Structure formats: C-alpha cells, structure tokens
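Asker: Given only the sequences and the hints, what does the whole structure look like? Please build it.
Protein chains: 2
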Amino acid sequence: MTTYTAINLIARPTPGPIGSELFEVVTKELTKAGPSQILIKQTHMSLDPAMLGWMSPATDSYIPPVELGSVMRSSGIGEVVESNHPKFSVGDRVMGMMGWQEYALSDGQGINKVEAPLPSETVLSIFALPGLTATQGLFNVGKPKSGETLIVTGAAGSVGSLVGQLAKAEGLTVIGVVGSDEKCDWIVNELGFDGAINYKSDDLAGQLDALTPDGIDLFFENTGGPIQNLIFDRMNNHARIVVCGMISDYTKAEPNPGPNWIPLIKKRITVQGFAMPDHFHQVPELLAKLTPYVMQGKIKHRSHILNGLESAIDGLNLFFTGENKGKLIVEL
Amino acid sequence: MTTYTAINLIARPTPGPIGSELFEVVTKELTKAGPSQILIKQTHMSLDPAMLGWMSPATDSYIPPVELGSVMRSSGIGEVVESNHPKFSVGDRVMGMMGWQEYALSDGQGINKVEAPLPSETVLSIFALPGLTATQGLFNVGKPKSGETLIVTGAAGSVGSLVGQLAKAEGLTVIGVVGSDEKCDWIVNELGFDGAINYKSDDLAGQLDALTPDGIDLFFENTGGPIQNLIFDRMNNHARIVVCGMISDYTKAEPNPGPNWIPLIKKRITVQGFAMPDHFHQVPELLAKLTPYVMQGKIKHRSHILNGLESAIDGLNLFFTGENKGKLIVEL
Chain G
1 MTTYTAINLI
11 ARPTPGPIGS
21 ELFEVVTKEL
31 TKAGPSQILI
41 KQTHMSLDPA
51 MLGWMSPATD
61 SYIPPVELGS
71 VMRSSGIGEV
81 VESNHPKFSV
91 GDRVMGMMGW
101 QEYALSDGQG
111 INKVEAPLPS
121 ETVLSIFALP
131 GLTATQGLFN
141 VGKPKSGETL
151 IVTGAAGSVG
161 SLVGQLAKAE
171 GLTVIGVVGS
181 DEKCDWIVNE
191 LGFDGAINYK
201 SDDLAGQLDA
211 LTPDGIDLFF
221 ENTGGPIQNL
231 IFDRMNNHAR
241 IVVCGMISDY
251 TKAEPNPGPN
261 WIPLIKKRIT
271 VQGFAMPDHF
281 HQVPELLAKL
291 TPYVMQGKIK
301 HRSHILNGLE
311 SAIDGLNLFF
321 TGENKGKLIV
331 EL
Chain L
1 MTTYTAINLI
11 ARPTPGPIGS
21 ELFEVVTKEL
31 TKAGPSQILI
41 KQTHMSLDPA
51 MLGWMSPATD
61 SYIPPVELGS
71 VMRSSGIGEV
81 VESNHPKFSV
91 GDRVMGMMGW
101 QEYALSDGQG
111 INKVEAPLPS
121 ETVLSIFALP
131 GLTATQGLFN
141 VGKPKSGETL
151 IVTGAAGSVG
161 SLVGQLAKAE
171 GLTVIGVVGS
181 DEKCDWIVNE
191 LGFDGAINYK
201 SDDLAGQLDA
211 LTPDGIDLFF
221 ENTGGPIQNL
231 IFDRMNNHAR
241 IVVCGMISDY
251 TKAEPNPGPN
261 WIPLIKKRIT
271 VQGFAMPDHF
281 HQVPELLAKL
291 TPYVMQGKIK
301 HRSHILNGLE
311 SAIDGLNLFF
321 TGENKGKLIV
331 EL
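Taken in order, these protein sequences are the chains called G and L.
For the first sequence, position 179 matches number 179 in the working numbering, and the numbering has no gaps at all.
For the second sequence, position 64 matches number 64 in the working numbering, and the numbering has no gaps at all.
Some clues are possibly wrong.
Where chains are identical, the list cannot tell them apart; a pair therefore holds if satisfied intra-copy or between any two copies.
As the list claims (entries may be wrong) - Listed next, the in silico DSBU-like pairs over lysine-lysine satisfying Cα-Cα at most 30 Å (straight line):
{"id": "1", "residue 1": "K325", "residue 2": "K266"}
{"id": "2", "residue 1": "K289", "residue 2": "K266"}
{"id": "3", "residue 1": "K300", "residue 2": "K143"}
{"id": "4", "residue 1": "K298", "residue 2": "K32"}
{"id": "5", "residue 1": "K300", "residue 2": "K252"}
{"id": "6", "residue 1": "K266", "residue 2": "K143"}
{"id": "7", "residue 1": "K145", "residue 2": "K266"}
{"id": "8", "residue 1": "K266", "residue 2": "K168"}
{"id": "9", "residue 1": "K145", "residue 2": "K267"}
{"id": "10", "residue 1": "K32", "residue 2": "K200"}
{"id": "11", "residue 1": "K143", "residue 2": "K267"}
{"id": "12", "residue 1": "K113", "residue 2": "K289"}
{"id": "13", "residue 1": "K168", "residue 2": "K28"}
If you're looking for bench data, these hints aren't it; they were derived computationally from the structure.
Note that the structure is predicted; figures quoted are calculated from it, not measured.
Answerer: The following block contains the structure:
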C-alpha cells in the first residue's frame, strides 16, 4: 500500500502571519483511478495571494472558501500516472486546481493538458492565474492608452511584473513600486520599467514627483499600504484605478482607511475592483490576448522556487513580508 | 443712467462656512446691447453645490474657476429686454450661465430659449443642472437594474430627489438619506421612496440593516460624512457607487478618510466620480431620457426660494447645514 502527503486547512486566518496551526499535514492512502477518473502526480504547485481569500470565511470572499478539514486549494501542474478517462493518457502534462497534495484524483473537470514546450515554472508564472489576472485587469479594467503613465504596486510580484511589461509593450510609461532595491534593479534593468520606487525608502512623495512629472493615468494596485494615498494624490483627470490586491492589509485587524472620495469627483476617476473567478469564462480570449506578447519575447519572469509540499505553509507569509522574488512555486 | 447690482468673487473659500468676505456687491452701469448682443433681465438664479468647486483654486477643479474680481458664475433664467441678435426677441424667456447679477449682456452663446410652459422654478429644478446630473449619474454611470436596491444620500436635495424618483420609476427599491425628519417624511410620503434615514438620528447601522435586508446594489453619493462607511459595508457583489458630491467634506481642512479598498476586490465594486462639464455635449440625449418621466408625472420637486440677489451669499451655506428644502433658487 502506497501513501502520499496532503495538507488540510483546519482553521481560518487571524490577523498576523499565517501560522502552521491553520493546517494539518496528513498521510493518505493512494487509491486507484476509478471509472472515468485520472490520477495525477503533482510536480509544481502555485502559491498565489488569492489563496488568502480562499482561506477566509465565506462572507468576505468571492468564491466559496476552502472547507475546514479539506485539502487546501491551489493550482498546479502534474503528470497523469493513471487514466480511465478518454481525454487523458498516462504521461500527459496537465494543469488545474489540484490542491496541496502530492497526488490528485480527478474526473477531468477543470484539468487541461499543457501542450506548450515551456518549463512548468514558466507555464505557472505566465499562463496561470498571474497572467490571466494581469491581462484582465490591465486591458479590460484599466483600458491603457499609449502615452499614458501607469504605476503598479507589487511590481516585482507575479501579477505586477506582467502588468508592467504588458503596459510597456503597449507604449505606456511604467513605474513600479517594490519592497527592495534589488527588486528596483530587476524591474528597471531586466524588465524594462521606466522607473522604480522602493516603498521602504525615504521621501516617497519626492520620488513619485520625479518619476511621474505628468501625473498618473492608470494605477494598478496590488498591495495597499501608505504609498496608496501618495499615488492617489497624483492621479490625473479621467484616471483609472484597478484594485487587484491589498496584500499589506489582508492580515491587519484594522485595515488602513482609504483616500477621501472628493478627488474622484474633481478628477472624474474610476476605482474598480475585480477578481478572476468572475472571468474564468473569458480564459480563452485572455490567453489569446496574452500569448503574442510572450511569443514575441516581451515578457520575462522569474520564479521563486520552494521545495517540498510543507514549504507551502511558510511560503504564504512571503507575500506579506515581500521576500518572495518572483512567482512563488512549490516543487514537489 | 440706470444701474444694476452684481456680486463679484474676490477670494477663494477656506475651511468653514462661506463668508460674505469672499464677495463684493457692486453697482454697475447698465449698458445697451451692442451689435449681435442681447440684454437679459435675470429673474431666477440657480444655486448649486457645484458652485463651491467653481470658487476653488484651479488645480482642484474640473472647469476653470471663477476669476477673482469677476461676477460669480451661476445658471439662471431671465427675460430678453433688448435684442440685436437674430435668434432672440424682446420678451423671450431664456436660460443659461448668467452669473450673480440682475442683468446680463450676452452674444447668445450658451443661452437657450425656454419654450416649455412650465414655471421657471420647475425648469431650473428639473431640466437644468440637477436633472442633467441625476440622469447622467444614475443611468450612464450607475446602470440601474429593476429589482436592485439603491441608496442615495442628500436624497431631499435637487439631485438626490430626482435620482430617487427616476430609480423608483425604473423598478428599484429606493432608500434615501437626509438630514431631518421632515425630509424623511417628504421623500417617503410625497416622492414615493421606499424608506428614509435621518443621518442625525441614532443607530444608523440598525436602520440600514432594516431598510436594506438584501444589501445595496447602487449607492449614489451626494454628501460624504460618517454614514458613507456604513453604506459601503453593506454593498453587494458587483455594486456600483456613483460619486456625485461630497458636500459635507468640501469645507473641511482635513476631509474624512474613505473606506479601505479590500471590499472593492472581494465584492468587485466600481466607484466612479463624474462631473457634468464632461457631459455637456450629451445634454440633448440626457434631456430626451429625462423628459418622458417628467411628462408622465413621475417627477415631483420642490423649490426653496430665496429673495434678492444678495441672499445668494448666505444661501450657499444651506448646502452645508442641510437646511435647504429642495432646489435652491434666488428670485430676483
């Protein structure tokens, strides 16, 4: 009898870092694929900020939360090792919501073959949740125009780094906000951003003034935090603010207040939140929009690889500390 | 030689009530209409919250501010008393931006004849800035759907009372927030709102819960103030917030902070500010949208009439105190 390891969510997060007491590591018996089922051996698991929402109580979340006692939800890539399903063969590389476990049984719903000759890290970094989120948020919510100035927070993160590169490819001036000088260097010198601000440095207002002399037309918000108000103060008439994430506030008991709404009127600004589960039916068109940029070599990425299933638990905290360097992926 | 009275703006507003020291009352010599000009004797002057923006420094405003030393800007209705203009005859009733003065000389630009057989108070209350603002904000920004719940602040005001009645006519459940029990009574028993809250009363959260058991889909914000956060907490998924005015914050040195943006993501909410000067080119279509509701008797209004040009100065403060009962109009 073969066993495998899985991690269940057993408690809801409270303010502060994510602790191991929210999870239980369990050993399960590996069962064979039943009729029309496949058995997948997961190789790469994606960690995403959205997972914090999935762990939270239902009233606050846009998709049903993970039930307590169930395997923690996540997307990943794996290899089909048994198949009783007509669409899948042993050896297929597949992607889908596989959860925090080494093996996943599936009826094939929501599981897709990965045909592109790209490393699994690249597939998870660009074509999974981050790429879909960046494409939907930037193009369909933000409506960028060539010549405009965009600022993106969490700019070295999995979504932010794609947003900035896509906007550059569209002819915008792109400024990124990050949490270290090393990330500043990476987004400017590797990704081609026009400027970068380390939000932990001094004189943020002065840096913003210097980097956005014509104001800001499009603000892609991934983080929240005190720089939000400084950016808000520099928005131009008819600006758009795309609210994608507020990672710095998710674990606070008392989230920071937001800016007063008077400038929304005076400058006719639109602030719009969005979440990918509303747009899963648009995935084919989002991939069709994103793929040419990737094929033209305009999108670089880097993955931050953690090793072993249990590294996922501490890994989630890297979103809060900003210590992740690129897309967080757990290699199994 | 005949003279007339005008009021010039001579200083920008500072926090606190609008004082008479911002204005100078001047006596001017009445000149004859020149070639292609008309002379209008103004009979009714409209006071609107937007005027506070026009008085403020340029950097903060969406149309050029009134220049210091110039006649204060306002819309009004008057009678043509001299005409050298082919389109206007003596005796015509006309509407346009006439300013705080008893007589206005004009080349006809932006001056329109009022042909409808309605009292001037009605024309200024429904078809001028308030009606255009309510129509644009509710329909084009808010996108109301029958069966939804709308809440409007400043609900007894010139814009809010129209927004609520239009939304009722469209099949929404409509709750109004006002500043007195008398206004509660008026919007429910005269205008047909489904419920009303006096924001000066106790247990606002409990009142909101009782009146919006299915949450709030559309929030038309005219006032700001502490109830904003309570309303924001009750917004539904995919809600829209139309930010039209923040009258309670305009004269504060430190405006209240707004709500944190996390719910914008979790509930995929859109918050959009707008201002009518962006939409003046849409006036014909806005009037075409609004007129049938008026003709079908679905729109009631009340005017709060002040008497004499100089009453305009103190009149502006009624917006802050909420003591105005309906559309503020100065009868000359």
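Asker: Does each hint fit the structure? Answer for all of them.
Answerer: Hint check:
Taking the shortest alpha-carbon separations for K325 and K266, only the inter-copy value of 26 Å comes in at or below 30 Å, while the best intra-copy value is 38 Å. Proximity of K289 to K266 under the C-alpha cut-off of 30 Å is restricted to the inter-copy arrangement: shortest distance 25 Å between copies versus 34 Å within a copy. With identical chains, the CA atoms of K300 and K143 are at most 30 Å apart within one copy only, with a shortest distance of 22 Å there and 39 Å across copies. For the identical chains of this complex, K298 and K32 are neighbours neither inside a copy (43 Å) nor across copies (68 Å), given an alpha-carbon limit of 30 Å.
Neither within a single protomer nor between protomers do K300 and K252 lie at most 30 Å apart by alpha-carbon distance, with minima of 33 Å and 47 Å respectively. Proximity of K266 and K143 under a CA criterion of 30 Å is satisfied in both settings, with 20 Å inside one chain copy and 21 Å between copies. Both within a single protomer and between protomers do K145 and K266 lie at most 30 Å apart by alpha-carbon distance, with minima of 21 Å and 27 Å respectively. Taking the closest pair of Cα atoms, K266 and K168 come within 30 Å of each other both inside a single copy (28 Å) and across two copies (28 Å).
For the identical chains of this complex, K145 and K267 are neighbours both inside a copy (18 Å) and across copies (27 Å), given an alpha-carbon limit of 30 Å. In this assembly of identical chains, the alpha carbons of K32 and K200 never lie at most 30 Å apart, being 51 Å within a copy and 66 Å across copies at closest. When the C-alpha separation of K143 and K267 is checked against a cutoff of 30 Å, the pair qualifies both within a copy, at 17 Å, and between copies, at 21 Å. Taking CA atoms no more than 30 Å apart as the test, K113 paired with K289 passes inside one copy only; the shortest distance there is 20 Å, against 51 Å between copies.
In the homo-oligomer, the alpha carbons of K168 and K28 never lie at most 30 Å apart, since the shortest distance is 47 Å inside one protomer and 58 Å across protomers.
When the structure is compared with the earlier hints, violations turn up for hints 4, 5, 10 and 13 and for no others.
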